[in-house]
Structure formats: structure tokens, C-alpha cells
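Trainee: If you read the protein sequences in the order shown, they are chains P and F. Each residue of the first sequence is one higher than the last, beginning at 1 in full-length UniProt numbering. Each residue of the second sequence is one higher than the last, beginning at 1 in full-length UniProt numbering.
Because the hints were derived from the structure by calculation, they are not lab data. Backbone N, C-alpha and C fix where the C-beta goes; we use that ideal spot for every residue, glycine too. Honestly, I wouldn't trust all of these hints.
To be verified - For each label pair, taking beta carbons as the anchor points, the in silico distance ranges come out as:
1) P:Gly318 x F:Pro276: 53 to 61 Å
2) P:Pro454 x F:Gly135: 38 to 46 Å
3) P:Gly318 x F:Ala112: 17 to 25 Å
4) P:Gly22 x F:Ser286: 55 to 63 Å
5) F:Lys337 x P:Arg461: 45 to 53 Å
6) P:Pro287 x F:Arg105: 36 to 44 Å
Protein chains: 2
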Amino acid sequence: MSSDARSNDASTFLVALKAIVGERYVLTDAVDTALFLTDHRGRYHGKALAVVRPASTDEVAKLVKACAEAGIAIVPQGGNTGLCGGATPLEPRPTVVLRLDRMNRIRAVSPAEETITVEAGCILADIQGAAAKEGLLFPLSLGAEGSCQIGGNISTNAGGIAVLRYGNMRQLVLGLEVVLADGTVLDGLRRLRKDNAGYDLKQLFIGAEGTLGVVTAATLKLFPAIRSRAITMMQLDSVEDALTLFARARAVFGERISSFEIIGSSYMDFVLRYVPGTVMPFAQKSPWYLLIEAGDSQLDAPLAAAMEGFLADAFEAGLISDATIASSLAQEEAIWKLRHGVTGEFKLAGKTMSHDTSVPVAEQPAFVTRVEEGVLKAYPDANVMMVGHIGDGNIHVVVLFPHERFAGSEDFEAASDAIDVIIDDVAMELGGSITAEHGVGTTYRKRLARTKNPAELVVMRQIKAMLDPENRMNPGKLFLPDTAA
Amino acid sequence: MSSDARSNDASTFLVALKAIVGERYVLTDAVDTALFLTDHRGRYHGKALAVVRPASTDEVAKLVKACAEAGIAIVPQGGNTGLCGGATPLEPRPTVVLRLDRMNRIRAVSPAEETITVEAGCILADIQGAAAKEGLLFPLSLGAEGSCQIGGNISTNAGGIAVLRYGNMRQLVLGLEVVLADGTVLDGLRRLRKDNAGYDLKQLFIGAEGTLGVVTAATLKLFPAIRSRAITMMQLDSVEDALTLFARARAVFGERISSFEIIGSSYMDFVLRYVPGTVMPFAQKSPWYLLIEAGDSQLDAPLAAAMEGFLADAFEAGLISDATIASSLAQEEAIWKLRHGVTGEFKLAGKTMSHDTSVPVAEQPAFVTRVEEGVLKAYPDANVMMVGHIGDGNIHVVVLFPHERFAGSEDFEAASDAIDVIIDDVAMELGGSITAEHGVGTTYRKRLARTKNPAELVVMRQIKAMLDPENRMNPGKLFLPDTAA
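Let the sequences and hints guide you as you build the complete structure.
Mentor: Structure follows, in C-alpha cells:
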């Protein structure tokens, strides 16, 4: 085909899209699309025929059908806050970015049912807010909650800081509306707590990163609001001690613990240096810091007293060396600030390689020791920082090098790959996962292909081929190009 | 093929099976197999070449491979306690029943991780017991727990009396080991709380009723044991009031409520008459009875006091007319006995038609009213009994007729079908499901085909064709024969 014919085809196609969503919602100018063609970390820069912004499920269905007829690929995009390049159009083929941001209606909230039905483009914080207005809680909480969208949270099976108590995104979805690759609307938007009428199709699309269809709406579980809270940070010597404290905390607080987070010494140093407004709450340093949040739906539940007792026992047992309990909202926020998202600040500090590994909870001491040893043996000048959700077995390893450490990006990529292998091998030996909550996207494809067991990869490819036989739904994600359907 | 050749083939095949599991574990005599060829309710009577009892995943894989090579169908069977004929071989083709009962090893319990890894044939009560020995709780609980097997619980996504707090079976599975139709072992037996490395394949097999593969082992979530408890039963006038009480109870007790169960007047009468040892705890009758169980992992949590306050407020608001709080284990059991499984006793009372509908929680008043009106309009002599998990939106409707009501089984089936349509239509209009927790099996196939939305049925059939292209895994279940893959 001549390039003229191709551009004619493309312009006919764009006219069709404009007829569906209206001219102003088909963006083609670089100045309008730039933000949506680059990933959150600024690592990937893509290309698309257009960024299209539908306002309804019906429009999405029509757009997807038009793309199916024209053989155009689709990259669904929510808040574009993902960390793995899962929403950037990177394949060398005609592609449309489907931004769901205009589908931001909260369709219904039912306090009696503790459910909320939302469109895919709703911002997570807005959903939290709508629940709070009814005296209820939507528990998903993560760094990007002010801008990430629920469709993206669902498509990446988002985790965050309350997984221990409430599960990850998958556990919070009751019903799902999805547009399939051919434009069929799969209406599974049920508000049911129990439904065994056939295969649970929604599970296919949760965590599928847009490779099997476009999530357009969901019915989510709500929970009683938390009315009493105790937040504490303590200093301790080892991950083993952290696990002992975890068992003790579960015995005292049961399911009231929503967060059980660990921070390694060098990560704490990094935060104190680079994140404005952070203050060390202790007189001295220690190898590890632990943050516990416990909450109760009852007003005036005696959590602070229980926490004091818990800490006194921990001192006595020699498990911790110092501790602080927040006694005001400001103090709670100050403690959380030491733990919360610092992705942006990494760039100031140097060249970083971030990981999102999970291992079985009890294997974390081995994981931490072996990863640190392995990386330092290969790269003695690395700063191996650790921070994570120790209650979930999900420790993020961030390896930091000085800005000038690598001659060029090839050197950096080679080192990054080598460190991936070191960390992934430890994770696999311990029965872990290379990606606990971030997903695979573009960044982790090679590592997934190397570590996933072959029988599982075969079934994954079968599913992809079944629901997206032309490989047009977010192509090139999850699977390496040469292994895709 | 002559019948001699066929029987030769069959005997060669049986020799192959015996070589895998040992002669004594390939049952072919009617006296040995009868129990396993009839369903729990005695409604279905099947036929099989053999009932085979493997002892390991490796043996299951070899058996399934042998069946694949010989073109033999497989019906996996756990405790055979299902209520929908999902584990009975009913297709007119050579079939093997795969009983998992010898695979009853608890492979590992980790208190530190709050996980347990079990083989498919473990009896539910044994898993509960193994957790309790470590001071932990495995929360799945249902009438048949003394004999049902966890593989069956997983394959039917079992519900029960603690779904409100802990979710159904699906929410309790961390990892799954499955043997696929060609004998491939899909080893997803991970002990991870978070794992976003690709599609979550285990979800396909949970609730698939053995139609996509054989579940051989699972890693399950455990929870802190319940150390304080309050159980109460109250009398009330309406389902609306029950929902008001539900909202109030959630506000007072939050997630501490594990069971919120409703019993209709005629069901209560039935229980008191037919279930030995049951005693009415109130002086008078009332239209509805509500059972609430709240639990706390803390010892001496002031639940009884809170329950007394809750009941006092409910009296004052005119929501209940009488109430009793259990003050001993015996009283707790006496209250639960009024609610618990009476499947066997139905046969004494007459001809029954049981349903397992769910609707959105807030739609239950409409559901109850419209079902009762609809059934009584068509069958004025019916006794419409209701009992269920009102906190989950799952009300079991049991329609009872005198023994002599129908001239023959055809009459009974015709009435049963007509009543299904009445109830299912109400459920569909309210956004419900025809089977909340029992599954589809054989019994509910026709109703599923009639009520499930066509787009979802298409994807269900695609999944079946993808994982079981020869339709050998529990064929004839879920899908009506002429619509199966």
C-alpha cells in the first residue's frame, strides 16, 4: 500500500471515530496527546493514530468495533500512573489510545448493600470520598490515589497499603462490565455477594492489563468506616523480629491490622534526605523500621491502649529498641510520610532499579539476606534499599547507583538486567513472584517469560488467543512480541 | 465396533488404570461403586467403567492422560455431598469417576503465614481442625463439613455460613494445583498474598465444577481464631426490618459479624416439627426470625454487652418483638440447630423444590414478596418456606407439597419447572443469580441456559472449548448437552 493510501485509510478511520465520540474527543495533535503517549516514569514514548476519549460504554463498544473492522490496535488507558509501561502504545502498528477519563460517573452507591457502582474513569480518591460520605470505606489505597483511575486499578489488580486486611483489587470487585475485542459488551455488572451461575468471567479481566478487553464499569464492595485507629512506628534489628511481631500483632489485634510495613535503614536515610518535610521520629538510627496501622469500625475502640501494651511486651521481649505512637492526625501523617511513595524523588538521588517482588511471608528473612548479598557481590557500590508490605510478603527492592555510575543507557540496562536475574532467581527459589502488585506491562515481560512456569504460560497464551485472536488489545504487553498470540 | 471389541478395549483400559493406582483402587463391582454413582439427594443414578481412587497428583496426571489417550470422560468427585448432581456420571459414554478421597494429606500448615496447603481429598472439618490446632481459623463452614472435601468446595466455590465476613471459597484460595484435560499438571500452588505475574489462572478452576480440569491441591488462607462470640436470635415482622437491623449491626459490630441469617415462619415450623431436638426459644411465633453471630479474635471482647445494647435499641425502635442471647455453648448450638441443614428431613415432610437464589442485598424484600405471591398464585396449596443468608442476599426458597400432591414424577417435574420459572424471573428482574452457592451441576443447567445473558454464555463455552476441546471433563455438567462444546 502506498503511504498516500495508508494516510487516506487513517483519515477515514479518524472520521469514523469522531462520528462516535465527537470531534473534540479524538486527539491527534502532539500537544494534546504527548502526556498520554509517555508512561508515568518517563521511560517509554509511544505513538498512536489518536487518543480517543469516549463518554459511555456504548461509545466504547462502538469504538472497539470500529477498530476491529479497521484492524487497529487499542491501548486502554486510565490515569496513566502505572509503573511498568502498561498503558503506552509501543507497537509499530496503527494504534488508538482509549482514555477512559470521561467515564467518571459514580452510577450508584448503596449503603444498605455496602456497594458502589462506578465507571472505569473514576479517580480512586473520588470513590473513597463517595464511600466516606455514606459513612463507609472503600479500602483500596495507594500512592497515586489522587489521579489513578479505577479501571486501571482493576486492570492491574492494584495492591497498596491495606491489602493485608481487605485484599487487593480482585477481592473488592463484585461485578464487572467489559467491552470485548469485537465490541461485544459483557454485562456482568451484578451487585451480588454470591453468584455461582457458571464460570466467573470477571476474573479473566481483573489484572489482565487491558490485553483481553476494556473494563468500562464495576460494582465494588464497601466496608464499615474505620472510626478508631492506632498508628505506630518502631525500630528493630531484623526481618525475623518483624515476623515475630507480625504474629504477635495478629494475636492481639486480629484482622484489625490494615497495614504492616517495613522500611530498611538505607531507604529511611534516602527518604529523610530527599522527601521534603520528613522527620526522623527517633533519636538514633536502626537497621529496620516497622509501621503498623490498626483500625476498628467502633468509635472509641481501645486500640491505643492495646498498642501500648503490644509495644511494652515487644520491648520486654527484646524485639524492638524504640517506638512511637501517633497521638494526632498530624503525627499519623508524619509517620506515613516516611513510608509513602517517593518514585519521583528517586530521580534526584541517582539511577535506580525498582522491584516489586513477593515471596511467602515466612521466606522474607531469607529473601532480604540473599538479595542483599547477591547484589552487593556483583555490584559492591550498589545501595540496596528495601521497603515494603511485610504483612503481604511484598518487599520492594530499590537498587540505587550514583548518577554518573554508568557510561550510557546500554551499560545501565545491562546492569539492570543482571540485577533482575539475581533478585528473580532468589524469588523463584523461595516460591515467589517477580511482580506482586505492579503488573507486567512492558517492563517486566522478559522477566515473566524467563521465570513463569511453561505450563502456565501456555494457558495464558491460550486465553489471549481466545479473547483477542487478532492480538489487537494492548498488544505487546505481558507477552514478549515473538511469543504473543 | 462389536460389543466384544468394545469390552476388550474397556478391559485393556482398566488394566492401564490398575497399573497406575493399584488394582484395589479401581472399583468396578456394583457393590463398591453404587455410593459414588448416585448423587447426595438420590435424584441421579449414573454409570461408569470404574471408580478410580488415586493417591497422588502424579497418579491423577497419569490417569487423566490415560483417559485422554483412550477418549474416556472423567467425572471428578469429592465427598459427593453436592446438591445439584455435579459429580454423578450421567452421559451415555465411557466414563471414569475420579474420586480424590485418598488424597487427604495436609501438606503443610504455616502459622507465621496463616496458610495451609492441602490435597483435594481433605475433608473440610479436618482442615478446620488442623487450623484450630495452631490457634487459627479456616472459616469455610457448611452443613456437610464433616464429609465434604475441599476439592469439591473449591470446584463449586462453596459458600456457607461465614461468607459475610470471610468471603466464599474463591476468596480463601491463594494457590491451586490442577491437572488439565491432557494430563498436564498446572502447578500454581503458591503461598503468595500478592501475585500479579500474568493472568490469575486459578480463578478459572474455582467454581468450574470439574469441567475444566481436576483440582488436586490448594494453598488456603487462614485467619486469627475467634476467641469471643455472641450469638442471638430474635423475632421480627419483615425482611425490611431485617435489613434495617443489618445496617445497624454493621454500624455496631463492623466486620465482626460472621453470620446474619433469616428464617421464615413456615420454615421454622417445619424445623421444629421434623428436626429432632429442636426447641422454640420464644413463647410465641413470629413472621420472621433472625440469627446473628458476631465474633472477635480478642479474648473477652465485650461482644455480649454490645449485643445486649444492640437488642435494646432494636426493641426501642420497634424492629424486634423478642430476642434471646446464647449464654452457653449448648445454647449457641441450640440456636444454630434451628438454622442448620435439614436436607434429609425434607423427604419426610413431603415433596420439596429447593432453590438457591441470590439477589442484591437491598432487593430481598421485593424478592421475598414477589416470589411468595407468584408461587401461591400458581399453586395456592404450596407451602413456601424461606431461609437464608440475608447478609449475602442469598435466600433459599423451599416449596413444599404434600407427598400425595402429584400423580407421578412427570407431574412433579412440570410443577417444579413452572416454579423455577416464577422464581428465576423474579431473580433476573432484580439483578440476581439462579444459583448463589450450590453451583449448576446437572440440576440447574436448563435454568442457566434460560437466564444467563447470551454474551456470557458464549465466553463460557469458549473457555470450555479452550481447556477441554474433546469435552471429556465432567461432560454434560453446566451446559445442556446440545449446547456443550
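Trainee: Any hints from earlier that this structure breaks? Give me their numbers in increasing order, please.
Mentor: none
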